[in-house]
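Peer 1: Here full-length UniProt numbering is used: the sequence shown runs in plain steps of one and ends on residue 659.
Do not take every clue at face value.
Said to hold, decoys possible - In silico DSSO-like cross-links for lysine-lysine, where the CA-CA straight-line distance does not exceed 27 Å: (1) Lys-274 - Lys-242; (2) Lys-442 - Lys-466; (3) Lys-295 - Lys-24.
As the list claims (entries may be wrong) - What follows is a list of derived Cβ distance ranges for each label pair: (4) Ala-185 - Leu-589: 41 to 47 Å; (5) Glu-654 - His-567: 19 to 25 Å; (6) Leu-589 - Ala-462: 27 to 33 Å; (7) Ser-575 - Glu-627: 49 to 55 Å; (8) Ala-185 - Met-629: 31 to 37 Å; (9) Ile-572 - Asp-240: 22 to 28 Å; (10) Gly-591 - Ser-214: 56 to 62 Å; (11) Ser-575 - Gly-628: 31 to 37 Å; (12) Ser-473 - Lys-442: 19 to 25 Å.
No wet-lab data here; the hints were simulated from the structure. Since the model is a prediction, treat every value here as computed from it, not as a measurement. Ideal placement from N, C-alpha and C gives every residue a C-beta, glycine not left out.
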Amino acid sequence: EVYFKNLSKQKQKEVMEKNGNNHKLRVCVATCNRADYSKLAPIMFGIKAEPQFFELDVVVLGSHLIDDYGNTYRMIEQDDFDIHTRLHTIVRGEDEAAMVESVGLALVKLPDVLNRLKPDIMIVHGDRFDALALATSAALMNIRILHIEGGEVSGTIDDSIRHAITKLAHYHVCCTRSAEQHLIAMCEDHDRILLAGCPSYDKLLSAKNKDYMSIISMWLGEDVKTRDYIVALQHPVTTDIKHSIKMFELTLDALISFNKRTLVLFPNVDAGDKEMVRVMRKKGIEHHPNFRAVKHVPFDQFIQLVAHAGCMIGNSSCGVREVGAFGTPVINLGTRQTGRETGENVLHVRDADTQDKILHALQLQFGKQYPCSKIYGDGNAVPRILKFLKSIDLKEPLQKKFCFPPVKDNISQDIDHILETQSALAVDLGGTNLRVAIVSMKGEIVKKYTQLNPKTYEDRLALILKMCVEAASEAVNVNCRILGVGISTGGRVNPREGIVLHSTKLIQEWSSVDLRTPISDVLHLPVWVDNDGNCAALAERKFGHGKGIENFVTLITGTGIGGGIVHQHELIHGSSFCAAELGHIVVSLDGPECLCGSQGCIEAYASGIALQREAKKLHDDDLLLVEGMSIKEEEIVSAAHLIQAAKLGNSKAESILRT
Numbered sequence: 001e002v003y004f005k006n007l008s009k010q011k012q013k014e015v016m017e018k019n020g021n022n023h024k025l026r027v028c029v030a031t032c033n034r035a036d037y038s039k040l041a042p043i044m045f046g047i048k049a050e051p052q053f054f055e056l057d058v059v060v061l062g063s064h065l066i067d068d069y070g071n072t073y074r075m076i077e078q079d080d081f082d083i084h085t086r087l088h089t090i091v092r093g094e095d096e097a098a099m100v101e102s103v104g105l106a107l108v109k110l111p112d113v114l115n116r117l118k119p120d121i122m123i124v125h126g127d128r129f130d131a132l133a134l135a136t137s138a139a140l141m142n143i144r145i146l147h148i149e150g151g152e153v154s155g156t157i158d159d160s161i162r163h164a165i166t167k168l169a170h171y172h173v174c175c176t177r178s179a180e181q182h183l184i185a186m187c188e189d190h191d192r193i194l195l196a197g198c199p200s201y202d203k204l205l206s207a208k209n210k211d212y213m214s215i216i217s218m219w220l221g222e223d224v225k226t227r228d229y230i231v232a233l234q235h236p237v238t239t240d241i242k243h244s245i246k247m248f249e250l251t252l253d254a255l256i257s258f259n260k261r262t263l264v265l266f267p268n269v270d271a272g273d274k275e276m277v278r279v280m281r282k283k284g285i286e287h288h289p290n291f292r293a294v295k296h297v298p299f300d301q302f303i304q305l306v307a308h309a310g311c312m313i314g315n316s317s318c319g320v321r322e323v324g325a326f327g328t329p330v331i332n333l334g335t336r337q338t339g340r341e342t343g344e345n346v347l348h349v350r351d352a353d354t355q356d357k358i359l360h361a362l363q364l365q366f367g368k369q370y371p372c373s374k375i376y377g378d379g380n381a382v383p384r385i386l387k388f389l390k391s392i393d394l395k396e397p398l399q400k401k402f403c404f405p406p407v408k409d410n411i412s413q414d415i416d417h418i419l420e421t422q423s424a425l426a427v428d429l430g431g432t433n434l435r436v437a438i439v440s441m442k443g444e445i446v447k448k449y450t451q452l453n454p455k456t457y458e459d460r461l462a463l464i465l466k467m468c469v470e471a472a473s474e475a476v477n478v479n480c481r482i483l484g485v486g487i488s489t490g491g492r493v494n495p496r497e498g499i500v501l502h503s504t505k506l507i508q509e510w511s512s513v514d515l516r517t518p519i520s521d522v523l524h525l526p527v528w529v530d531n532d533g534n535c536a537a538l539a540e541r542k543f544g545h546g547k548g549i550e551n552f553v554t555l556i557t558g559t560g561i562g563g564g565i566v567h568q569h570e571l572i573h574g575s576s577f578c579a580a581e582l583g584h585i586v587v588s589l590d591g592p593e594c595l596c597g598s599q600g601c602i603e604a605y606a607s608g609i610a611l612q613r614e615a616k617k618l619h620d621d622d623l624l625l626v627e628g629m630s631i632k633e634e635e636i637v638s639a640a641h642l643i644q645a646a647k648l649g650n651s652k653a654e655s656i657l658r659t
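Model the full assembly from the supplied sequences, consistent with the hints where possible.
Peer 2: Rendered as structure tokens:
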């Protein structure tokens, strides 16, 4: 530990020498609204506390300066920050055009400010349209950009804006491991990505205000107890304004019916926000005895309110991110946060199209207490960010570089390539057979090869490679161009890594097997691997009965039993990659032993191998054969014999099949 501390100090010393010993890093922090200030404030305090390293300039724009949204620039002044510039950039309006005009107005005003400030680096947060204007201005004026909270996935236009800022930014501070992986996948330089956690968590996890009751009383009334009120915060979804306003109406109706004291915060400045405010007024929310409607709550107090609430409802990112730190139940409505990582405290109501659905969610969630979640931070983000800022070498070239994955040389177009059938190699690895096929993009099988599945890992992998090489060679003869390889296998599979994590005894020696690497290395093609049940679900979605259907389950039966789940057009894998292991649902605790090691699984009763086991038992007891049936000595007793016996009137065989 001492060694690494000394190494870190030495590196910082070298950077200071490179930048010039007396040069302080001039940092411009631009904040647009109450939400981004809650993330930027901890960083601003950290920068201000180290004047020997940094100079801080604060630029305020956007909804901070609008009375309808609480003039939230005042909280920046109360935090004792000097505001260098105030820019009025919001164009009032009801639709998407007003947002575009606001971006344009900010782009007109920002160059003059940046010319005067001449910052070394600008810190931009998140995914708001104002932030896009900031990043665009800084990038075009050759100012380095540090983007906070890039790489995350939510929903709506926010994703597009966030990823656009990522491409403009030179440095990235992300909150989760998934976000870091997304940034790397977007070809950002790994050395310029810092996994720090969310800066607001530094404040959340250290918030120990013992006088929270006075805060609750101030905002909700003196008669309100902890865990007996609701915080509601809902914003318009700019890609579907009409639906989001209807959803807000239904939410308010559900809250009125639920009859609990509720604090409702005004929505963000977005297309549709005024219409949402009109809905509140039409329903008399501001004068209803159970409701308190407010434009803004200071972040320190807001923390205490959500920490001790019975529930939070709406579609704010705060609900799926910050509130998890307290284990407060959250109801996330609609698609605005689809894709965000969440703790178990969040209940999603993605199709919030009826009042009853929302009311039912309130009944399920209200008053519960969940384990605290630290998905988005551990309370040490700011020290990491400051250290990262100190390590920036201003003498490095300003032009950012993208880390593209290696690609093959382009093949010039000729008539042969145009006439080839674009195809894939399909590998189906079941409990009995190993099949390889050349499959066209239309799902037609051009050619198929079948072999018995070997019992050992080495033989199995060697046979897969041999069959794939033969099929790839044959593809040339049948005028097919192989674009990639898809492998369907029994067992629990991590599709992201292309690894079979674990398999039952149905496929022996088939755990912790990297299938992607050896096949990709031999064929020089991209390789995808997934569980056979999931592959069946994908096939149905693409070519079969699942085409155009949003939610369905596929059940496959063969040597074993498996399945796949498609929800909202997406395949569900589950946190441990066994979401649809339908064959291993236990139906009897004292049932027959299953190949997975459990007892009484569906597969132990109803799979091909289970029926074969029962057929052998009957045959050994001379109870299988009936008139019209015969089995040769060298013939292996199979499930087919059991079915044949049942059809010919064997009551014991019939009983087994009925089970």
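Peer 1: Determine for every hint whether it applies to the structure shown.
Peer 2: So, going through the hints one by one against the coordinates:
no., hint, in the structure
1, Lys-274 - Lys-242, "holds (12 Å)"
2, Lys-442 - Lys-466, "holds (26 Å)"
3, Lys-295 - Lys-24, "violated (38 Å)"
4, Ala-185 - Leu-589: 41 to 47 Å, "holds (44 Å)"
5, Glu-654 - His-567: 19 to 25 Å, "violated (37 Å)"
6, Leu-589 - Ala-462: 27 to 33 Å, "violated (41 Å)"
7, Ser-575 - Glu-627: 49 to 55 Å, "holds (54 Å)"
8, Ala-185 - Met-629: 31 to 37 Å, "violated (59 Å)"
9, Ile-572 - Asp-240: 22 to 28 Å, "holds (24 Å)"
10, Gly-591 - Ser-214: 56 to 62 Å, "holds (59 Å)"
11, Ser-575 - Gly-628: 31 to 37 Å, "violated (52 Å)"
12, Ser-473 - Lys-442: 19 to 25 Å, "holds (23 Å)"
Consistency with the previously given hints fails for numbers 3, 5, 6, 8 and 11, ordered from lowest to highest.
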